[in-house]
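Q: Residues per chain, in single letters:
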Amino acid sequence: MLLLRVGRRKTTWELENIDDIIKVDFWANGEPDLRLSVYLIDEHALAQTLAEHGASNRSGSRGFQNVDLSSNRVPVVTLGDSFFEFTRVSHRELHFSDESELKEFLEALRSAIGVRLHVVSRAEIKAYVDSHAADAEWVSFTAKYGAWKP
Amino acid sequence: MTHAVPQLRGRFDDTNDLSSALEHPKPPSPVRFVPPSVLRDWKGPPFRSLASSDPYRLVALVVGGQLADHDLTYAAEAVGLLPYSAQLVEVLEWLATHRSPVVREGVVYGLGGHAELSAHARSVLARLAANDPSPGVRTAAQEALEF
Numbered sequence: 013m014l015l016l017r018v019g020r021r022k023t024t025w026e027l028e029n030i031d032d033i034i035k036v037d038f039w040a041n042g043e044p045d046l047r048l049s050v051y052l053i054d055e056h057a058l059a060q061t062l063a064e065h066g067a068s069n070r071s072g073s074r075g076f077q078n079v080d081l082s083s084n085r086v087p088v089v090t091l092g093d094s095f096f097e098f099t100r101v102s103h104r105e106l107h108f109s110d111e112s113e114l115k116e117f118l119e120a121l122r123s124a125i126g127v128r129l130h131v132v133s134r135a136e137i138k139a140y141v142d143s144h145a146a147d148a149e150w151v152s153f154t155a156k157y158g159a160w161k162p
Numbered sequence: 266m267t268h269a270v271p272q273l274r275g276r277f278d279d280t281n282d283l284s285s286a287l288e289h290p291k292p293p294s295p296v297r298f299v300p301p302s303v304l305r306d307w308k309g310p311p312f313r314s315l316a317s318s319d320p321y322r323l324v325a326l327v328v329g330g331q332l333a334d335h336d337l338t339y340a341a342e343a344v345g346l347l348p349y350s351a352q353l354v355e356v357l358e359w360l361a362t363h364r365s366p367v368v369r370e371g372v373v374y375g376l377g378g379h380a381e382l383s384a385h386a387r388s389v390l391a392r393l394a395a396n397d398p399s400p401g402v403r404t405a406a407q408e409a410l411e412f
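Going down the list, the protein sequences come from chains S and E. Position in the first sequence counted from 1, then plus 12, gives you my numbering. Position in the second sequence counted from 1, then plus 265, gives you my numbering.
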């Protein structure tokens with residue numbers, strides 16, 4: 013299982029400074045995000061997760077570079093606000109007491125970042141959306157929000 | 266890197282007309298005259314909201330040189346939500362030479378918003394896809410050209 017954090021930027025982990033990494037990808041409302049939103053999923057569900065996440069957030073057309081945050085830290089079960097049931101139910105949060113704890117967690121994770129990154133291309137997301145366009149949830153989504161083009 | 270900075274003209278409080286707000290780059294003029302009033306009431310992201318509520322301020326922030334890289338990347342992306350304008354593409358092209366890969370990735374997403382209408386945007390994306398030193402920026406640019 014993966015505890016997948018959807019990446020906002022493909023270049024985040026190219027940055028040298030962990031503070032910059034936090035500000036780019038682990039930041040919310042002007043401060044470090046101490047309740048990281050993640051998805052507990054099987055690896056085969058990557059494209060579905062990214063498609064549903066992207067559509068629900070009206071993300072721009074792109075692929076995503078994501079990171080597996082699995083560790084001995086216990087995720088908190090929290091219903092996500094995704095339009096889709098799968099990503100609502102698989103949503104979790106990782107809670108941290110303060111910025112230093114978050115920083116320490118990410119620093120440790122960074123040493124093995126190569127095996128934790130999971131890239132999902134735009135083409136894979138598009139293929140998923142195209143093949144599920146007739147599914148009830150996607151039909152309902154499109155009727156409510158209009159077509160989402162990954 | 267040194268590069269031309271698109272100049273802003275006109276007053277900041279009297280129009281949201283982007284077409285009158287930007288001129289072509291005039292090297293080498295490191296213009297930094299976005300007045301403090303533009304930033305005074307700004308509380309930070311989300312820039313996506315700013316794109317619809319105050320596009321003029323969004324562009325002023327992008328060219329103003331006062332945003333940190335981690336904010337500038339999202340501001341540049343939000344420029345892609347604005348109605349197409351050749352001048353906006355010029356702003357993004359200028360920003361495509363930024364030293365930070367995170368900012369250049371934001372530029373890619375901004376340009377992606379205009380790529381279907383603008384050959385210029387596509388040419389900048391193609392350049393980034395082929396030559397950018399960052400693998401993340403190159404991949405993002407390649408994907409932005411897939412439409």
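Since the hints were derived computationally from the structure, they do not count as laboratory data. Wrong hints could be hidden among the right ones.
[To be verified] If you want the ones that stay clear, here's a sample from chain S, every Cβ over 10 Å from chain E, calculated:
(1) ARG21
(2) LYS22
(3) THR24
(4) SER73
(5) GLY75
(6) THR90
(7) LEU91
(8) PHE108
(9) PHE117
(10) VAL131
(11) ALA135
(12) GLU149
(13) TYR157
[Claimed, not checked] Subject to a maximum C-alpha distance of 16 Å in a straight line, what follows is the list of computed EDC-like cross-link-like pairs (lysine to aspartate or glutamate):
(14) LYS115/S / ASP32/S
(15) LYS161/S / ASP334/E
(16) LYS115/S / GLU28/S
(17) LYS35/S / GLU111/S
(18) LYS35/S / GLU116/S
(19) LYS115/S / ASP45/S
(20) LYS138/S / ASP334/E
(21) LYS35/S / ASP334/E
(22) LYS115/S / ASP31/S
(23) LYS161/S / GLU411/E
(24) LYS35/S / GLU119/S
(25) LYS161/S / ASP142/S
Here a beta-carbon is modelled for each residue, glycine too, at the ideal position from N, C-alpha and C.
Q: Output the indices of the hints that this structure fails to meet, ascending.
A: The structure conflicts with hints 1, 2, 3, 4, 5, 10, 11, 15, 20, although it agrees with all the remaining ones.
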